[in-house]
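Each chain, written out:
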Amino acid sequence: MSGARARLAHVAKCYGAVVALDDVTLAIAPGERLALIGHNGAGKTTLIRLILGLATPDAGKIEVLGGPPGAAAGRRALAYLPENVAFHGLLTGREQLALYAALRREPARVVAGLIERVGLADAMDRRIATYSKGMRQRLGLAQLLLGRPRLVLLDEPTSGLDPLSRETFYDLVSELARAGAGVLMSSHALTEIEARTDRIAILANGRVVADGRLPALRAEARLPIRLRVEARADCAGTLADQLGGARVNGCSVEIMCAPEAKLSLLGAITALGPAVRDIEIVLPSLEDVFRHYSGGNPRGDTP
Amino acid sequence: MIARLAAIAGAELRIAARNRWIILAALVMVAFSLILTLAGSAPTGTLGVDRLTLAVSSLATLSVYLVPLIALALSYEAFAGERERGTMPLLLTYPVSRFEIIAGKFVAQFLTLAAAVAAGYGLTALALWLSGDTSPAGFGHLGRLTFGALALGATFIAIGFAISVAARAPAIAAGIAVAVWLVAVVLLDIALLGALVADNGGVFTKTVFPLVMVVSPTDAFRLLTLAPLDPEIVEAGIGGASRGLAPSPDAALVSLLAWPVAALALAGLLFRRAEP
Chain A
1149 MSGARARLAH
1159 VAKCYGAVVA
1169 LDDVTLAIAP
1179 GERLALIGHN
1189 GAGKTTLIRL
1199 ILGLATPDAG
1209 KIEVLGGPPG
1219 AAAGRRALAY
1229 LPENVAFHGL
1239 LTGREQLALY
1249 AALRREPARV
1259 VAGLIERVGL
1269 ADAMDRRIAT
1279 YSKGMRQRLG
1289 LAQLLLGRPR
1299 LVLLDEPTSG
1309 LDPLSRETFY
1319 DLVSELARAG
1329 AGVLMSSHAL
1339 TEIEARTDRI
1349 AILANGRVVA
1359 DGRLPALRAE
1369 ARLPIRLRVE
1379 ARADCAGTLA
1389 DQLGGARVNG
1399 CSVEIMCAPE
1409 AKLSLLGAIT
1419 ALGPAVRDIE
1429 IVLPSLEDVF
1439 RHYSGGNPRG
1449 DTP
Chain B
3 MIARLAAIAG
13 AELRIAARNR
23 WIILAALVMV
33 AFSLILTLAG
43 SAPTGTLGVD
53 RLTLAVSSLA
63 TLSVYLVPLI
73 ALALSYEAFA
83 GERERGTMPL
93 LLTYPVSRFE
103 IIAGKFVAQF
113 LTLAAAVAAG
123 YGLTALALWL
133 SGDTSPAGFG
143 HLGRLTFGAL
153 ALGATFIAIG
163 FAISVAARAP
173 AIAAGIAVAV
183 WLVAVVLLDI
193 ALLGALVADN
203 GGVFTKTVFP
213 LVMVVSPTDA
223 FRLLTLAPLD
233 PEIVEAGIGG
243 ASRGLAPSPD
253 AALVSLLAWP
263 VAALALAGLL
273 FRRAEP
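Protein chains in written order, with my numbering: chain A, 1149 to 1451; chain B, 3 to 278.
These aren't lab readings, by the way, just hints derived from the structure by calculation. Among these hints, one or two may not hold up.
Using C-beta positions, here's what the derived DEER-type ranges look like [stated by the list, open to error]:
(1) ARG20(B) / SER1280(A): 12 to 22 Å
(2) TRP23(B) / GLY1261(A): 34 to 44 Å
(3) ASP1206(A) / ALA276(B): 12 to 22 Å
Note that CB positions come from ideal geometry on N, CA and C, so glycine has one too.
All chains should be built: construct the whole structure from the sequences, respecting the hints.
Dropping the structure here:
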């Protein structure tokens, strides 16, 4: 495998007095699906625009596919989907994609197949003005598949897509990654990307505050694990006293514990024998991890 | 480079051909051309010129308003619209240069405008040729008129591009385009006529006025197309008033050749510097 598909080193970008990005260092490896998450205005779109060469950094170095951002050679192997893209309403879906195919020097015969893949076969000869937001987004996805992109940049790609289209979308992304593309996607849909990306970078106020796989981020954040113990009838009170948790209702007790205390606590619970009906272990979600790193309070109380 | 330029132009041609405002403007062009020609048959005998020459005079007066209007209506949306839809950043990440984008759009819109002009003038010339009331001199005037209209159209397409690149949104670009049309096509002439009357043959009439007649693209167009015609068939107005005051039509020719190049260079420069 060659080196990183894109590499940012100590990159900074200001718009007037607003610091959009500050000392950002990040790399996207071949075949990797990297999720970029952050609040609105955290710098996600700016970061993507810098990699595309649509804006220039004030400081730091960016390398894209072995060259500077926006270089002609790099653009041939790069695919991009802007946020809320809307195409010209007077063209048909097929004509719009045929234009993109011609610019990529792909044969015109691939167009119909790609449109079918994103589920627009019936609409491809209708004017885009008649498309719904989701259909336009799917047309945007189809143009990602032209050629063999080695770097794919997606800005809020699933906004406006219905659940079924989202499944198709993540399948396409995985396929691109399997073919060796490095995929960077910015997203707000935290529950979706939790299981469908390989690595997560969290941006807060223009800085990368976390970068790694979800289990590693979870461990590093030392977020409490939530144990919900279901008691047999009338035992909830005793259970709460013995384990030190809080009663949720008549028959359940909820206990927050540090990751390393999990096993000993589980031992204590099983020792209670017949008083316990069931145990549920809830690991901190990506949303909890995100809140922790981006400065918000994690859900629940920290012990 | 040609393949990508042609791809951009092809998509742009489809858009223009489906734009109902452009279709309407082209129909207006054709309809007015024919009406002016057919209705203008009465004075032919008394003036002793062929009807084609007479038609050129009417068409020039019409085109000076209509051609810039069609050109701006075509072009104002070309860049501002793409930026609003989010397709401009996408297009710029494709392996296509900014020169190819602006050149492709220009070629397509120029061809669209040329088709409207050719339809209007062509049908007029055909009708008169069939009626047998044309002369070689008349076709010479028609040739100059056609060249002038295409140069005027190219100029205002390029000006529309510059507006479209600089404006934040298509609605703003449309507003600026209307303002430019009003000033360049209507208000400038009213102001010039007013100044001529007030000046009454003074310094303004001798120095500033001839310069404006050449530098302003619409007045250069009038100078090129109307000045060689018989004074009696040119209606009153700036075209008639300029007689004897303005420089030769050759200067107007240079101006009409320089304008599209300069305006397109400006649009290209703005586009190259724009952050999408």
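Going through the hints against the structure:
no., hint, in the structure
1, ARG20(B) / SER1280(A): 12 to 22 Å, "holds (21 Å)"
2, TRP23(B) / GLY1261(A): 34 to 44 Å, "holds (35 Å)"
3, ASP1206(A) / ALA276(B): 12 to 22 Å, "holds (19 Å)"
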